[in-house]
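Undergrad: Here's the letter readout for the chains.
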Amino acid sequence: MTKDIKQGIAKSMKNIDSANHVTGKSIYVDDIPVRVGTLYACAYGSPMAHGKIKNVDTKAAAEHAGVYSIITHKDIPGENQIGGIIQDEPLLAEGEVHFQGQPIVLVIAETEAIAHAAVKKIKVEIDPLPVIVDPREAFAKGELLSTPRTFSLGDTKKAFAKCAHVFEGQAESGGQEHLYIETQGAYAYPTEHGSVRISSSTQGPTQVQRATAKVLGLPMNKVEVDVTRLGGGFGGKEDQATPWGAMAALAAFVLQRPIKYVLHRMEDMKMTGKRNPYTSDYKIGLDKDLKIVALESTYYQNGGAAADLSPAILERTLFHLNNSYFIPNVQATANSCRTNLPPNTAFRGFGGPQGMFVIEAAIAHAAKELGVDAIDIQRKNLLAEGDEFPYGQIAEGCEAINCWDEAVERYDLEKIKKEVVAFNEKNTQFKKGLSLMPICFGISFTNTQMNNARALVHVYSDGSVGVSTGAIEMGQGVNTKMVQVAAEIFGLDPKRVKLESTNTTRVANTSPSAASATADLNGKALAIACNDILARLKKVAQDNLGHDEKTAIEIKHETVFANNKKTKLTWHELVQAAFMARVNLSAKGHYATPRINFDKTKEKGHPFAYHVYGTAITVATVDCVRGTYEFDCVKLVHDFGASMNRIIDLGQTEGGLVQGIGWMTMEELMYNKEGRLLSNALSTYKVPDIYAVPREIDVHFLNTDNPNLAIFRSKAVGEPPLMYGIGAYFAIRNAVESFNPKAKMAYSAPITPEKVLMGLYS
Amino acid sequence: MAAIKLSINGKSYEIDVEEDMPLLWAIRDYVGMTGTKFGCGIAQCGACTVHLNGTPIRSCSTPVTVAVGKKITTIEGVSEANNHPIQQAWVELQVPQCGYCQSGQIMSAVALLEETAQPTDEDIDAAMQGNICRCGTYDRIRKAIHRAAEIKSDNKTLSKK
Numbered sequence: 070m071t072k073d074i075k076q077g078i079a080k081s082m083k084n085i086d087s088a089n090h091v092t093g094k095s096i097y098v099d100d101i102p103v104r105v106g107t108l109y110a111c112a113y114g115s116p117m118a119h120g121k122i123k124n125v126d127t128k129a130a131a132e133h134a135g136v137y138s139i140i141t142h143k144d145i146p147g148e149n150q151i152g153g154i155i156q157d158e159p160l161l162a163e164g165e166v167h168f169q170g171q172p173i174v175l176v177i178a179e180t181e182a183i184a185h186a187a188v189k190k191i192k193v194e195i196d197p198l199p200v201i202v203d204p205r206e207a208f209a210k211g212e213l214l215s216t217p218r219t220f221s222l223g224d225t226k227k228a229f230a231k232c233a234h235v236f237e238g239q240a241e242s243g244g245q246e247h248l249y250i251e252t253q254g255a256y257a258y259p260t261e262h263g264s265v266r267i268s269s270s271t272q273g274p275t276q277v278q279r280a281t282a283k284v285l286g287l288p289m290n291k292v293e294v295d296v297t298r299l300g301g302g303f304g305g306k307e308d309q310a311t312p313w314g315a316m317a318a319l320a321a322f323v324l325q326r327p328i329k330y331v332l333h334r335m336e337d338m339k340m341t342g343k344r345n346p347y348t349s350d351y352k353i354g355l356d357k358d359l360k361i362v363a364l365e366s367t368y369y370q371n372g373g374a375a376a377d378l379s380p381a382i383l384e385r386t387l388f389h390l391n392n393s394y395f396i397p398n399v400q401a402t403a404n405s406c407r408t409n410l411p412p413n414t415a416f417r418g419f420g421g422p423q424g425m426f427v428i429e430a431a432i433a434h435a436a437k438e439l440g441v442d443a444i445d446i447q448r449k450n451l452l453a454e455g456d457e458f459p460y461g462q463i464a465e466g467c468e469a470i471n472c473w474d475e476a477v478e479r480y481d482l483e484k485i486k487k488e489v490v491a492f493n494e495k496n497t498q499f500k501k502g503l504s505l506m507p508i509c510f511g512i513s514f515t516n517t518q519m520n521n522a523r524a525l526v527h528v529y530s531d532g533s534v535g536v537s538t539g540a541i542e543m544g545q546g547v548n549t550k551m552v553q554v555a556a557e558i559f560g561l562d563p564k565r566v567k568l569e570s571t572n573t574t575r576v577a578n579t580s581p582s583a584a585s586a587t588a589d590l591n592g593k594a595l596a597i598a599c600n601d602i603l604a605r606l607k608k609v610a611q612d613n614l615g616h617d618e619k620t621a622i623e624i625k626h627e628t629v630f631a632n633n634k635k636t637k638l639t640w641h642e643l644v645q646a647a648f649m650a651r652v653n654l655s656a657k658g659h660y661a662t663p664r665i666n667f668d669k670t671k672e673k674g675h676p677f678a679y680h681v682y683g684t685a686i687t688v689a690t691v692d693c694v695r696g697t698y699e700f701d702c703v704k705l706v707h708d709f710g711a712s713m714n715r716i717i718d719l720g721q722t723e724g725g726l727v728q729g730i731g732w733m734t735m736e737e738l739m740y741n742k743e744g745r746l747l748s749n750a751l752s753t754y755k756v757p758d759i760y761a762v763p764r765e766i767d768v769h770f771l772n773t774d775n776p777n778l779a780i781f782r783s784k785a786v787g788e789p790p791l792m793y794g795i796g797a798y799f800a801i802r803n804a805v806e807s808f809n810p811k812a813k814m815a816y817s818a819p820i821t822p823e824k825v826l827m828g829l830y831s
Numbered sequence: 108m109a110a111i112k113l114s115i116n117g118k119s120y121e122i123d124v125e126e127d128m129p130l131l132w133a134i135r136d137y138v139g140m141t142g143t144k145f146g147c148g149i150a151q152c153g154a155c156t157v158h159l160n161g162t163p164i165r166s167c168s169t170p171v172t173v174a175v176g177k178k179i180t181t182i183e184g185v186s187e188a189n190n191h192p193i194q195q196a197w198v199e200l201q202v203p204q205c206g207y208c209q210s211g212q213i214m215s216a217v218a219l220l221e222e223t224a225q226p227t228d229e230d231i232d233a234a235m236q237g238n239i240c241r242c243g244t245y246d247r248i249r250k251a252i253h254r255a256a257e258i259k260s261d262n263k264t265l266s267k268k
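Residue numbers (our numbering), protein chains in the order written: chain A, 70 to 831; chain B, 108 to 268.
In isolation and in its complexed conformation, chain A is listed as follows:
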């Protein structure tokens, strides 16, 4: 039990949307009733990955029956620029194209079907330029999206000289299609005074607002962005919802008509970026006791054709290069490489998982060469309280060892080990593999400036409460947590609290819902606003009850308590009294995470409010004839802090795990040398279905009271569990090696059944 939640109303609270979700009543962008006169947009994407645009012929498309207008970069009243971190991304291509599917022309028609048909009649002539799809090739040619970054700790040169064992190798992790089941989309219409309103499926309403204002040449106050909820985001709608919102707004503004643009699945897969693929080099040094003494690593991130969020993702790779281990000597450089693929982008974990895969590969490599169990190396090197991260932060409230030991004991690792060995001795066609995967994930945007949020609270005169925050509900249950915060502080039945849509006119200058930090940042801002109103109400209660200002007032279960004694005054009466006394019943709250800092010139600081820890035990069974596999179980201990909503947090853990398993095992993105996406539909890109889920998922809540920078001490949970999926990769590998101890397999994910088969018989 947490100290911070007193009412107990909230901890088992169900998602406020669940009744609507099971009856089809929840509204997503595509479900918004359209206004009279609505037109539909569809973009023509470049057929080539790199080249100079010679000619754009839209005549046949314009003459297609039902086409209303054709829009190109020439129609943009403001700046043709939507780049976030770096201004390197036009909304509609002009002069050159840099990836297949890059939008060049926007067709506006009476129906979606007509718009799609007319797009096929557009002819664009392009003089081809060389295409790069491989990040190492891009690096060799000097094609970088941003300045390389280097983190260092200790002295690796000296340290390697003293190491008993040194191993070098390469590790690769593939990209990942977000495959939010709701595709990207927006609905925009012109409003009074030359303004525009956009309903967008975005994790970053302010990003859509800022980019649209720039494209339209408007001040930000003339662009309103509203978001009800997303049918999945996973990072894919952090920056990459922006083009579609800006395109719909552009057409709405220029044509003064309502414009809807919801992407077809194949358009979405072709035109949007994915998780950044990485290829990396490592050199790991251990002493004779298997302590990791030094790590040198170089990361080549496939950034795609524009910076998008890749420079920030690159940074998080470095922040997680040591995963959950203490490494005293580190020299690590990360390069963001420009290729001719759609701009790669945020995906749950944001570069962290890619960094963690490399250190896990290095440990597995060392273990294999030394003939020891990787588990022994992992356990010996876990982070402990007071250890220094390569970026200078000191581990505080470190739960790495607690999580690991709890998992080993609770799930009886020795017994699992014996069962796996016994099974493998008896069976030839099927082999089992076991892995442990510890995780450590830093919570906060690594860009310190972004760690702030605001909330707006109205208590209406009838006692009902309206809450607006900058948080976007995308399935992570943040809106439910926001209701919990308000209900908890006011001592109310959560039914009295209504969560409003996320809207830039009510809460401005928001950071995107990302980095697992949404509930913390917005929840803390909301708590400040609620406490503000509560303080005013307490004063009214003292006056109303005839008590002096020393009387302790509390509101519990909608009733006022004075000095711990129940009074006759109810919440409803208190609010009415306050209203009659002309007391302000509205408040805004602003929260900026304290303490955090990071100096990029030194690459040192204290960038994270806190870290989340955990350990997963995974057992996989491989069919050594077919190369297929399934997961017997994943048993994990996760550091939730003091979870404020166990059912939501458990759902995030189960779902993150499944998505991580998908990334590491079956999800294989394929581009050809011309930069064309081959895995361009759900028939060729496979994500986990019900068969892919482990037969057994056990989650133990490690309750900790440390993180007072987490909302109600309930730690952020969105991203960390995805990284348990890395354990699936190594469990499969271990099963393969049990069949063929001499298996030659690169440390390359995803470990598809094809790769397993090759490994089994290598």
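Straight-line C-alpha distance at most 25 Å; calculated SDA-like pairs for lysine to any residue:
| id | chain 1 | residue 1 | chain 2 | residue 2 |
| --- | --- | --- | --- | --- |
| 1 | A | Lys-755 | B | Gly-148 |
| 2 | A | Lys-94 | B | Ser-114 |
| 3 | B | Lys-250 | A | Arg-715 |
| 4 | B | Lys-250 | A | Glu-765 |
| 5 | A | Lys-635 | A | Ile-558 |
| 6 | B | Lys-250 | A | Tyr-760 |
| 7 | B | Lys-267 | B | His-253 |
| 8 | A | Lys-564 | B | Asn-190 |
| 9 | B | Lys-112 | A | Pro-102 |
| 10 | B | Lys-250 | A | Asn-89 |
| 11 | A | Lys-83 | B | Gly-184 |
| 12 | B | Lys-177 | B | Glu-125 |
| 13 | A | Lys-94 | B | Ser-168 |
| 14 | A | Lys-657 | A | Ile-558 |
| 15 | A | Lys-189 | B | Val-124 |
| 16 | A | Lys-360 | A | Val-235 |
| 17 | A | Lys-143 | A | Arg-266 |
| 18 | A | Lys-94 | A | Arg-104 |
| 19 | A | Lys-83 | A | Ile-716 |
| 20 | B | Lys-118 | A | Asp-100 |
| 21 | A | Lys-755 | B | Gln-236 |
| 22 | A | Lys-755 | B | Gln-151 |
Note that these hints are calculated values from the structure, not bench results.
Fit chain B to the given chain A structure using the hints.
TA: Frame of chain A, contents of chain B only:
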């Protein structure tokens, strides 16, 4: 264009659409019921699942004319009081996360329960394999279908009494 008569959730609708229009668009854009979702357009994700005479089908890849003369059931028509055992179990076990695929999941699960009163894990996997949930709620889907089977059999026992 042709005048097409559809029977959806027990009500008749007459709409004027192309004969090859996918049933999904007819339901969403012409009848105005938006509970059924578009996911992939090629019958690979299951978000658009509705029932034709009780059988789950992918409405994104079914021409509207195929549905003429048949009973169409959508998420809006699964139960009168939003209390089908599947819906109850879904809320009780908190299956949905983002919610977008859940109409389709529920339609597949309802059909499974009609056919098999007490489905095994294997039955569930076979019936639900065509419905993708990117939030990864599969473990809860399995548990919720078992729970719905329980609720349904309890209801039957109660109504017999």
